[in-house]
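Asks: Knowing the structure of chain A, use the given hints to seat chain B on it.
Going line by line, the protein sequences match chains A and B. Here my numbering is used: the first residue of the first sequence is 1, the next is one more, and so on. Here my numbering is used: the first residue of the second sequence is 1, the next is one more, and so on.
Treat each hint with caution, since some may be false.
[As the list claims (entries may be wrong)] Here are the simulated lysine to aspartate or glutamate pairs, DMTMM-like style, with alpha carbons at most 25 Å apart:
| # | chain 1 | residue 1 | chain 2 | residue 2 |
| --- | --- | --- | --- | --- |
| 1 | A | K110 | B | E87 |
| 2 | A | K110 | A | E76 |
| 3 | B | K140 | A | D163 |
| 4 | B | K6 | B | E51 |
| 5 | B | K140 | A | E25 |
| 6 | A | K110 | B | E51 |
| 7 | B | K131 | B | E95 |
| 8 | B | K140 | B | D128 |
| 9 | B | K140 | B | E69 |
| 10 | B | K140 | B | E95 |
| 11 | B | K131 | A | E76 |
| 12 | B | K6 | A | D58 |
| 13 | B | K131 | A | E25 |
| 14 | B | K140 | B | E116 |
| 15 | A | K110 | B | E69 |
| 16 | B | K140 | A | D109 |
| 17 | A | K110 | A | E159 |
| 18 | A | K110 | A | E67 |
| 19 | A | K110 | A | E74 |
| 20 | B | K6 | A | D109 |
| 21 | B | K131 | A | D14 |
[To be verified] Here are some chain B residues pointing at chain A (derived, C-beta under 8 Å):
| # | residue |
| --- | --- |
| 22 | G22 |
| 23 | G50 |
| 24 | E51 |
| 25 | L55 |
| 26 | I56 |
| 27 | R84 |
| 28 | G88 |
| 29 | P90 |
| 30 | V92 |
| 31 | R103 |
| 32 | I134 |
| 33 | T138 |
| 34 | I144 |
Derived by calculation from the structure, the hints in this document are not laboratory data. Where is the CB? At the ideal position from N, CA and C, for every residue including glycine.
The chain contents come next:
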Amino acid sequence: MAPRFHSARAITMDEVASRQYPVQEHMVFQRRTWIVQRVGWVILAIICLAALTGLFGDGILSNRTVEGAGFTVEYERFERATRLARFVFHFAPSQNSERRLHLGRNFPDKFVIASIQPQPTRSVASAGGLELTFAGAPSVAGQVAVWARPHGYGSIAIEAHADDNPPSTFRVFIYP
Amino acid sequence: MDSVIKACIVYFVLWAIIRISGRRTLGEMSAFDFILFLIIGGSTQRAITGEDYSLINALILVSTFVVIEVILSLLDLRSPVMRRVFEGTPTVLVENGHPMTYRLHRARVTQDNILEAARRLHGLARMDQIKFAILESTGKISIIPESTPSARDAGKR
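In isolation and in its complexed conformation, chain A is listed as follows:
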């Protein structure tokens, strides 16, 4: 049986020396390779742990809620290119029967909108971005979910405002 545990004492100088026969060895290189391999395992394990915590999206580190004027948005801080992302906007109750959600230009630029629930009664695209109008009852909080696929990479600042409130910005990082 091979020993499970290997003590440093057993590393003899002889084993470290390169053989010329029956094959030409390069033990210095080989030992470096073994070290690099072990470093590599640690890096791969860190990647797995980071993925579990949500550093690459979909996890505790990624879930975020940003409070703006008149609305809050729930979304993932980290998103991945081409994967469907969800943004849930919660409107504070207001006197109007119509609720407007304005999304800055970055949003239609970097995301392909797949679905908006509920469907907006009106959707206007302008140089400033996208203006969505939803039918709603006065004095009732509303909720709108926007499903969209990112198609760029990097950090994106999205500006949004509800009704005539001042705009708020929230950031999304998109992995390639």
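Replies: Quick look at chain B alone, frame taken from chain A:
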């Protein structure tokens, strides 16, 4: 443009991961390892092709992979250092019947693995019948039997 860059990144990331995983993974591939490799292929394939299933994209990707392969093989020919980096080097694990425990441990090869290769390749049953056992850069274990008459007889029996 995107396809070529993606193909290059995937090629080198996969190469690095396979190299990191160690030589044993490549040579002594079990049925499960084979399935694992299919899954690795499947999961990277979508990342490379994305939503572009066009003929031209497939052509670009295949060309990129072949070009990388050719460039690397040319580098291998020119430079022994590059060859070592890309393919690894052989390591002697058993010398004159003595297993070298430090090397075995580092290479994650057990004495049982060596004896298995000895049985399979030369019909040898004992460690002292092995003159050299070498872990090749391909990940396979080669056995050179001890050439004394008694060892040879034992091998034939």
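Asks: Indicate, hint by hint, whether the structure satisfies it.
Replies: Hint by hint, here is what the structure shows:
Restraint check for K110 (chain A) and E87 (chain B): not satisfied, since their Cα atoms lie roughly 41 Å apart, outside the 25 Å limit. At roughly 15 Å between alpha-carbon atoms, K110 (chain A) and E76 (chain A) fall within 25 Å of each other, so this suggested pair holds. Distance hint between K140 (chain B) and D163 (chain A) is unfulfilled; the C-alpha atoms sit about 69 Å from each other, more than 25 Å. For the given pair, K6 (chain B) sits about 13 Å from E51 (chain B) by alpha-carbon distance, which is consistent with the 25 Å threshold.
For the suggested pair K140 (chain B) and E25 (chain A), the alpha carbons sit about 16 Å apart, so the restraint of at most 25 Å is met. Among the hinted pairs, K110 (chain A) with E51 (chain B) is consistent with the structure: their alpha-carbon atoms are about 16 Å apart, no more than 25 Å. Note on K131 (chain B) and E95 (chain B): the hinted pairing holds, with a Cα-Cα distance of about 6 Å set against a maximum of 25 Å. As the CA atoms of K140 (chain B) and D128 (chain B) are separated by approximately 20 Å, the hinted pair is consistent with the 25 Å bound.
Straight-line distance between C-alpha atoms of K140 (chain B) and E69 (chain B) comes to about 22 Å, which keeps the hinted pair within the 25 Å bound. Between K140 (chain B) and E95 (chain B), the direct Cα distance comes to roughly 17 Å. Compliance with the 25 Å bound is thereby established for this hinted pair. Restraint check for K131 (chain B) and E76 (chain A): the C-alpha separation of about 60 Å exceeds 25 Å, so the hint is violated. Of the supplied pair hints, the one linking K6 (chain B) and D58 (chain A) holds, its CA atoms being roughly 23 Å apart against a limit of 25 Å.
The hinted pair formed by K131 (chain B) and E25 (chain A) meets the criterion: a straight-line CA distance of about 16 Å does not exceed 25 Å. Distance hint between K140 (chain B) and E116 (chain B) is fulfilled; the C-alpha atoms sit about 12 Å from each other, no more than 25 Å. A hinted pair counts as satisfied when its Cα atoms are at most 25 Å apart, and K110 (chain A) with E69 (chain B) does not qualify at roughly 35 Å. For the proposed pair K140 (chain B) and D109 (chain A), the alpha carbon gap of about 52 Å is over 25 Å, so the pair is violated.
For the suggested pair K110 (chain A) and E159 (chain A), the alpha carbons sit about 13 Å apart, so the restraint of at most 25 Å is met. With a C-alpha separation of about 22 Å, the suggested pair K110 (chain A) and E67 (chain A) falls inside the 25 Å cut-off, and the hint holds. Of the supplied pair hints, the one linking K110 (chain A) and E74 (chain A) holds, its CA atoms being roughly 18 Å apart against a limit of 25 Å. The hinted pair formed by K6 (chain B) and D109 (chain A) meets the criterion: a straight-line CA distance of about 22 Å does not exceed 25 Å.
Between K131 (chain B) and D14 (chain A) the CA atoms are separated by roughly 17 Å; this keeps the pair inside 25 Å, and the hint holds. Hint status for G22 (chain B): holds, given a least beta-carbon distance of 6 Å to chain A, under 8 Å. Hint on G50 (chain B) holds. Least Cβ distance to chain A is approximately 6 Å, under the 8 Å limit. Look at E51 (chain B): its Cβ gets to within about 7 Å of chain A, closer than 8 Å, so that hint holds up.
Of the supplied interface hints, the one on L55 (chain B) is violated, with its beta-carbon coming no nearer than about 21 Å to a beta-carbon of chain A, more than 8 Å. At about 19 Å, the closest approach between the beta carbon of I56 (chain B) and any beta carbon in chain A exceeds 8 Å, and the interface hint on this residue is violated. This hint holds: R84 (chain B) has a C-beta 5 Å from the nearest C-beta of chain A, less than the 8 Å allowed. At a threshold of 8 Å, the smallest CB-CB gap from G88 (chain B) to chain A is about 7 Å, leaving the interface hint in force.
Interface hint status for P90 (chain B): upheld, as the beta-carbon distance to the closest one in chain A is roughly 4 Å, under 8 Å. The interface hint given for V92 (chain B) is met, as the beta carbon of that residue sits about 5 Å from the closest beta carbon of chain A, less than 8 Å. Given the 8 Å rule on beta carbons, the hint for R103 (chain B) holds: about 6 Å separates it from the nearest Cβ of chain A. The criterion of a C-beta within 8 Å of any C-beta in chain A is met by I134 (chain B), whose closest approach is roughly 6 Å, and the hint holds.
For T138 (chain B), the interface hint is violated, since its Cβ never comes within 8 Å of a Cβ in chain A; the closest pair sits about 12 Å apart. The closest approach between the C-beta of I144 (chain B) and any C-beta of chain A is roughly 6 Å, which is under the 8 Å cut-off, so the hint is satisfied.
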